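Q: Starting from the given sequences, assemble the full structure and let the hints guide the process.
First to last, the protein sequences are chains A and B. Mapping of the first sequence onto this note's numbering: position 47 corresponds to residue 47, and the numbering continues sequentially without gaps. Mapping of the second sequence onto this note's numbering: position 115 corresponds to residue 115, and the numbering continues sequentially without gaps.
No lab work stands behind these hints: they were computed from the structure.
Covered, in the sense of this in silico footprint (three residues per stretch, anywhere, with C-beta under 8 Å from a C-beta of chain A), are these stretches of chain B:
id	stretch
1	5 to 15
2	25 to 36
3	45 to 53
4	61 to 71
These figures come from a predicted structure and were not determined experimentally. Even glycine gets a Cβ: it sits at the ideal position worked out from N, Cα and C.
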Amino acid sequence: MFSFAAAALVIAMGLALVRAVAGPTIYDRILAINAHGTKTVLLIAVVGFLTGRPDFLDLALVYALINFIGTLAALKFFKFGALGDHE
Amino acid sequence: MSPVADIASWALLIGGAVFVVAGGIGLIRLPDFYSRMHAAGLVDTMGAGLIVAGLAIQAGFTQVTIKLGLILVFLFFTSPTATHAVAHAARVGGLKPWAKDKTPDGEAARDGEDGRESGGKDGA
Numbered sequence: 001m002f003s004f005a006a007a008a009l010v011i012a013m014g015l016a017l018v019r020a021v022a023g024p025t026i027y028d029r030i031l032a033i034n035a036h037g038t039k040t041v042l043l044i045a046v047v048g049f050l051t052g053r054p055d056f057l058d059l060a061l062v063y064a065l066i067n068f069i070g071t072l073a074a075l076k077f078f079k080f081g082a083l084g085d086h087e
Numbered sequence: 001m002s003p004v005a006d007i008a009s010w011a012l013l014i015g016g017a018v019f020v021v022a023g024g025i026g027l028i029r030l031p032d033f034y035s036r037m038h039a040a041g042l043v044d045t046m047g048a049g050l051i052v053a054g055l056a057i058q059a060g061f062t063q064v065t066i067k068l069g070l071i072l073v074f075l076f077f078t079s080p081t082a083t084h085a086v087a088h089a090a091r092v093g094g095l096k097p098w099a100k101d102k103t104p105d106g107e108a109a110r111d112g113e114d115g116r117e118s119g120g121k122d123g124a
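A: In structure tokens form, the structure reads like this:
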């Protein structure tokens, strides 16, 4: 049953990647990568249960935080062209 | 693990998987950015909620359940914030919402050249 959920997550991640590659605007790509990161968090949690090692949940927690910071950083970089100070 | 809890957890996992795949298909099929955000929200709320709930039933009341709850809380706080940031950036950046009926008094027509070219197309 875990493998069914993992397979569904992998399929959905592939669809999100298709949108990230094909997306006409930069916002489509950022949104698709954000959704891809959320599915990565869920996939890590499910694979942890699938292999009988729930310690993987720590990695899922870190991925949840990195995904959020990464989305905001990509948006800011696209908007201002830099990540540091700006007027 | 009792059979009832097992079946409940399987049902939650399958429901979450259905929502996740529906969100992925919506991300491909929907016509513009603002409607694709709707599909991405499906994954963040129902997909994540159902899958994490199914895993929590499998784990029982242990430290693993607390970590699952933390993941859910993080996702529930960060994904609306990120989605709002992307939508705000797109709106400020000048991306116009897709409209099927671009009548002259609609917003798509008011905003610029999009309305003028469609005015000739479906003028009748």
